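Residue numbers (the working numbering), protein chains in the order written: chain A, 745 to 1219; chain B, 28 to 107.
Since the hints were derived computationally from the structure, they do not count as laboratory data.
Check the hints yourself; a few may be wrong.
Beyond 10 Å from chain B on every Cβ pair, some chain A residues (computed) [what the hints assert, rightly or not]:
no., residue
1, Q757
2, Q841
3, Q1184
Per the computed footprint, the stretches of chain A lying under chain B, defined by three or more beta-carbons under 8 Å from a beta-carbon of chain B, are [stated by the list, open to error]:
no., stretch
4, 953-965
5, 980-993
Please read these numbers as outputs of a predicted model, since none were measured by experiment.
Backbone N, C-alpha and C fix where the C-beta goes; we use that ideal spot for every residue, glycine too.
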Amino acid sequence: MLLDGFVRQCRLQPDALALAESDSQLTYAELLSRAQAVAAALLTRGIQTGQPVAIHIDRGMDAVVAVFGVLLAGACYVPLDLKNPSARLLFIVGDAQVKAVLGLGEVPIWLDAGLWLDIADCADALPQPVEILPAGLAAILYTSGSTGQPRGVALSHAAIAAFAGWAADLLALTPQDRIASSAPLFFDLSTFDLYAVLGAGASLHFLPAKLTLAPARLSAWLGEQAISGWYTVPSLLAFLAYKGNLAQTALASLRFLIFAGEVFPTPALIDLAAALPGTALYNFFGPTETNVCCYWPVRREQLQAGQSIPIGQPAAGCELHIDADSGELWVRGPTLASGYWRNGSLEPFLNRQGWYASGDRVSIEQGEYRFHGRLGRMLKCSGYRVEPAEIEAVANAIDGVRDCAVLGVDDPTAGQRPVLVVVLAPEMDVAGIRKVLARQLPPYMQPSRYLVLDALPRLPNGKLDYQRLKEIFDT
Amino acid sequence: MKEQLKAFIFSELIYHEDPSVFGDDDDLLEAGLDSMGIMRLIMFAEKEFGVILPDTEIEPDNVQSLNALENWIKQAPQNA
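So that you can see chain B by itself, here it is in the shape it has in the complex:
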């Protein structure tokens, strides 16, 4: 899951010279992930992993890093 998220983020949302050096706990917000990017990321994750990510859980803490994102998505309810 993390690899898919990472591939999407660095091909569609943030430019990074060498994503392979970007760590799972590195700060995505500092790297340039903004509100529009978060919106597209949520759409991607909901479709790709079949989950529902409620509006009320969209918080800086949940999108801060690849690990945070993965944890958030893993505990999210499946789209029935």
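So that you can see chain A by itself, here it is in the shape it has in the complex:
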């Protein structure tokens, strides 16, 4: 279902370029045939429709082959963030109850070798066609969970297809488009690249990883590759705007840039808009649970330094509602996830009124929605969602930690960073905690500061007094 567009393109233009990564290329027909080999190998292993299969490849050509192989087999893919420590990957593989792990080369040491399937070993074969229902699960994307553990957001074929179809129409994608790709699979941004772009018959060009730290070569690459569109994060585009030598670089082919995942600092956006007068800019907004539920085509005349940009209007057929009591954004519509995946089954996440309560505080002014931060404790660190509860759960499990709480502090480079406030037993020290956290949490979840207290401030009802804690930290 989700791959219907791609499969149609394979029939219409089998020899057209689908993927390009440094010196390698795959046509639509070649990509299909490699994905079919993976699908056939999975079916031979007994993988059944809807079963989760993990992908141990971050991004790039092989990652697409693996994902499409999973989907052609009717299974559901679970992308892994390879920068995660093995303890967290092991949790995700266990929680998702994956039936296989697709990768390249050596089996990772933490993994049961029986689950490993090297996509390079999959021989050419045609898989048996499987029936895929729109409500069937296509992907489970793990994010940080407020329950103290990573949490899988389960997306159906129909939900991802609704977003991809809407985005392809909005941007009027055609087979002539050449789209840059930088998002790893575990970020929902990647669904645009995989399904909107390849469903429209355009080609995907993987950005060499090193260029994200070499802005002038990055803009030169966009020009040389005649890139026509790119969906990425604000921090990379701000780097490009300030340091990308854009004045000396011709980017005549660049029709559009889309950004999401963080708030784009307005001064940087003003510079980017001025440097690229012929490029349409779009702000996409939505937690992973909604994929994208709101969007704002950047109106240059509306950009004003010192004023944040709107998140705009409902996207992809979503309905939005602002809860009168809390100002919280509620969403329902075709792009919504099916629920959270926990221990091999689906948990619904709609509230009693049938909406997904996003936890984002928004307002509406002159028909445009505006984002005002989070209601709950969730932090955004370097573009990643971080639930303080997940760090607290890991820290509380350490011998010698008597009590702890995580706060977020604003950080000019990362957005926010977590701070761990902790009460220690005499035999424990901060270095000891750091060591354990480094083994169990990914880099963006590591506390950037530690504050040791004799006791945590509590409210009369026994709950942590975060207000007071923040005051103590600030002094």
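We have chain A already, so just place chain B on it with the hints.
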């Protein structure tokens, strides 16, 4: 110069438990220096040392370590 860079990096850009153990050839990128951090570091260095660091020279190799940074800044043209 290296000391000034180091003080700025570890007070403003990267948190490190004990910057005194961070060596001049240790990997800043691995320690968490990212694109936003590089941008602020360049602004700091241009102001502090009166140099111009051209966009085309912003490369992982030039910001990999404190020594690499120092070499890069020392050969950069002065802002007239």
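Evaluation of the provided hints:
1. Here A/Q757 stays apart from chain B, with its beta-carbon at least about 36 Å from theirs, past the 10 Å limit.
2. Even its closest Cβ contact with chain B, about 34 Å, leaves A/Q841 beyond 10 Å, as expected for a residue assigned away from the interface.
3. Here A/Q1184 stays apart from chain B, with its beta-carbon at least about 18 Å from theirs, past the 10 Å limit.
4. Counting residues of the stretch 953-965 of chain A whose beta-carbon sits less than 8 Å from any beta-carbon of chain B gives 7, enough to reach three: the coverage restraint holds.
5. For the stretch 980-993 of chain A, the stated coverage by chain B is satisfied: 7 residues place a CB nearer than 8 Å to a CB of that chain, which reaches the threshold of 3.
Against the hints set out earlier in the document, no violation occurs for any number.
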